[in-house]
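A.B. asks: So you can see what is in the structure, the chains are spelled out below.
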Amino acid sequence: MMVLRRNNVRVLGQGSRAMIFAHGFGCDQHMWTAVARAFETDFRTVLFDHVGAGQSDLAAYDSVKYSTLDGYAQDVVEIGQALDLHEAVFVGHSVSAMIGALASLKAPDMFSELVMVGPSPRYVDDGDYVGGFSHAQVEELLDFLAENHLGWSAAMAPAIMGNPDRPELGEALTESFCATDPKIAREFARVTFFSDNRVDLPAVTARTLVLQCREDIIAPTCVGEYVHAQLPNSEFVLLNATGHCPNLSAPNEVTAAIRAFV
Amino acid sequence: VRDDDLSDLYEDAPCGYISLTSDARIDRLNGTLAGWLGQPAEVLVGQSVHALLSFGGRIAYETHLAPMLRLQGRVDEIALDLLGADGARVPVIANAREKRNGAGDHLFTRITMFRAIERRKFERSLIDARSEADAKAEAEHETSLLREQFIAVLGHDLRNPIAALDAGVRMLGGRETLSERGQFLIREMGASLSRASALIDNVLDFARGRLGDGLTLIRDAKDPLTPVLEQVVNEIRAIAPNREIVTHLLLEHPVDCDRARIAQLASNLIANAVTHGTPNQAIVVKAYIESDRFVLAVSNGGDPIPSAARAQLFQPFFRGGVRQSQQGLGLGLFIVNEIAKAHGGTLDVSSTPKETRFIFSMPIHSIPEPKSA
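Chains A and B are the protein sequences, given in the same order. Read in order, the letters of the first sequence correspond to residues 1 to 262 in the numbering used here. Read in order, the letters of the second sequence correspond to residues 1 to 373 in the numbering used here.
Since the hints were made in silico from the structure, they are not lab data. In this text the structure is predicted, and so the values were computed from the model without any measurement. For every residue, glycine included, the Cβ atom is placed at its ideal position computed from N, Cα and C. Misleading hints may appear alongside valid ones.
These stretches of chain A come out as covered by chain B in the derived footprint (C-beta under 8 Å, 3 or more residues) [what the hints assert, rightly or not]:
{"hint": "1", "stretch": "26 to 34"}
{"hint": "2", "stretch": "138 to 146"}
{"hint": "3", "stretch": "213 to 227"}
Just chain B, with the same shape it has in the complex (with noise of 0.2 Å):
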């Protein structure tokens, strides 16, 4: 046998040559594929491609690889599985090209087959692998999904009992005669309530936040927001009566926002400033319009904040170092971060050994949306 023997260069090929006519059948195959298929090559020539194909192969073949062979003359590297005389599958990448002559009829159809065990093993295993991540990641999302449903629920389930529970405190709190000691565990009790309920409306916050829904705002720029701001004061100087708050309220310009929303804001602000300052300095509150802004700074004293810690404060249950029993879900601040980016504000805090303060600051008028294309 020599190198120029192009006879034996086609039939003992390192690869597999076959070729077809324009109705799809075997006009000849070389001795490799043959070998491969395991039979004699006068067998197969004359039958339909088909009968070297798996039926999704088949399929594959009339939907797909015939089309592209009509339309661009050429098909590259398809991965397909040959049967063999005994039903075995052979794996192999093939190309394929058509021949036209000078009139466009098409002649026939030359393919070259490479075995490929190994690669098609190695391909199908990263296929596999892929389909397993895929369907992992997809259960991870329906659990977490699931998850932060049922903390929605749960959140709004609990504000029942809750409600009772603040309703029955007000009632001995007003009209029955207590003991001093009895006063002082129904201030407590209240105290403890409205800590639960505040929690509560930051978790189904965040819940919503999650769930897609984000925050909804109810803007409305004639109410004043002076009285709103009083009022969350007053709540919290009822719970805390012993801690010194001072308010500079100086609104001369009505603010389009969502009361209720920025009643919140303050509130977990406020409350912070309480749970983390120190007793013995007077925490400030300050609500004034600047440059067509509303501003409300918070400030209280104590050790400030370290560097290390700003930088996660708005994240969701991010807790800094509190004693066990003020211990909250670390929702505060990234609530208060979500509401002042609905509002298109910022939140920005400054800490020093002098004080921490939080800023809240927002547009007084709301920027129309864009109208969409």
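Excised from the complex, chain A in its bound form (with noise of 0.2 Å):
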């Protein structure tokens, strides 16, 4: 199927229920790799890359659909129907915490449970509002893109792109699991930083659980309680893992809290 195909969709384990994860801005679905197996055992799992990262088809992704976060809503929405996902579980990290709760607006069957791991509605002050960022440290970041390509080749993407067929040649570049096309990279920054879902927060209807890390610069604690206070449905954990990526540095205790939660 060309959705699967496009968004490089794995689905593993069994179970009667599904649980989708969703990596965030920077890497790939290897995020969720340590997290995804612990579920295998009772769950339907699935992983996917967002358009334009990892061994997605970077030959589907349009600046035009992607400038905005409903873009990306709009693949898990695909994804799901080609499952035929119903009632399943969505984790979502970092910037996907919004997408997935986007994506359960569009399709209210799809995802009874959402599972936001750092998740932050709007980066950039605002007012009243703390988000942690201003403009200038979002240009920041992007100059730091544009001077680091982290492994990705020019070279390479044209063969990789031309022969999905053939993944030996997309092998090379799983070596570097954070390789996007830099100018990919830099849109999906801008999107992602520049993004404000405060007003989509009290719409969502799926039961939340919402984790939080300690010292976490991009979604700060204070953030963490805002959209738990803002979701009509939700539980709050704050976990001991300090950073943005717990699923990579504390996949054990983001495990539990979701067990305990679904």
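Both chains are sitting in their own frames, so use the hints and assemble them into the complex.
C.D. replies: Now the structure itself:
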């Protein structure tokens, strides 16, 4: 199926319910490998790459469609439809927490539970709202992305894109998990860090778990608490893990928190 | 100081060394790095690595570098700006490795850094030059698109006044009593008007092609093609009554083509023959079918086309050496060639001192579009 190829969807595990894991800005589905493995015994686990990331079909990238998080949410809905997901659990890291919220609004029966790991509905400060970022700081990140291609090789991309049925060509790239076309990385950074989905939160009906890390500069605790307060039906758990990627640095703690919730 | 003094090798190395604990705090750093940062090492030890990074660098560390280190154990050649004591930036290139024990637990992360002021400045200038070039190309593309849109709109809007003029000229020529000179002028005016509309048609087709719509064909194999070709010849005879045009039209099979487009093609080729051919030799128009192909050949006498010009004949805006008053836009043959290609056909030219001949040929049955997988 086109959608499954486009988003490099991998389905593993067994169980009557499905749990879909969405990676955030930065890397790809490998961010979730350790946590997803822990649910394979009793869930159908679904891993995928957002278009532009990992082994997704780069030819499907469209600057207009993906100029808002809505374009990414539309893809999640299409993946859910292709896999016939109902009452599934959506686990989203970082910006994908909001992508999951938007997808749940588009297809209300698809996800009965959302797990948001380090969510932020708006990164840039706005009046009384503290997101933690200023515009200039986001620009600094864009400069970093312009100067660092992180293993991306423009010469390799056409070979991989033109031969989706020859995965060995892509293997050199899997060496570097965060390798992303620099242009797409910059656009995704812009979409992510200039997004504002505060108005969508009160409309979310799915039962939601907010997982908050300590010392997370990307999604500070006050932002996690804001998300929790705005969602009609949510639980808030402050993890012991520090930084922005507990799915990598503390997979066991994340797994336990999700298991207790579902 | 001896070269085998390991402490000195670490502290005074020609690069910066720093070790981070598993929760990304500074465990130790060497004197070289402390010197670049303008802070004693003791002040920095125990602080988060974030203390050394700009905010953008911190986001990059959390979203890219930390995950890459965790997933692949290393990152190489990262361009970073470190923050010095007085807020000054220290541009560096860094390599990092994670050290783990046998059980896979993270022990510490070692990073080496090279100060790279000149190199980073050079790279920055390359990036700036590229984004400047990109912006320029983008602006030029937009301008050319606008220009082509303008041409399309202008061409379209010119059609109405020309149609009104044409109707007036026809009415004068048909119903009014005119002197001999008046009749001559009306004929000339009619000829000029049809040349003007042909030019506009070509400009519109060209603009449409450039704007990405391409030529769309309305094929119809059922209607006969011969009357269409006859009408084209008659129109040109009316414009150029002094020129002899001989026709051999022998189409015993239907041709699956867009008849309006084939008329446009024939009209362009015959009008070209009138313009470029010698007046004392007849223009010959042949249409026939040969091994399932429709062939239209238009020939005229006169000077041959120079071989240097032949290569560019089908390029847009190409104009051969003709008298100023007869110069067109140079789109005629370009459009003819586009119509030929749209029909899966070919356009060939042969030119000798005896005659110049344009030969259009296309399959009489259209080839079905390949089904997309």
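A.B. asks: For each hint, tell me whether it holds in the structure or not.
C.D. replies: Structure-based check of each hint:
1. Counting residues of the stretch 26 to 34 of chain A whose CB falls under 8 Å from any CB of chain B gives 4; the rule of at least 3 is met.
2. Under a criterion of three residues with beta carbons nearer than 8 Å to beta carbons of chain B, the stated coverage of the stretch 138 to 146 of chain A is upheld, 9 such residues being counted.
3. Chain B is given as covering the stretch 213 to 227 of chain A, and this holds because 4 residues of the stretch bring a CB closer than 8 Å to a CB of that chain, at least three being needed.
When each numbered hint is compared with the structure, no violation occurs for any of them.
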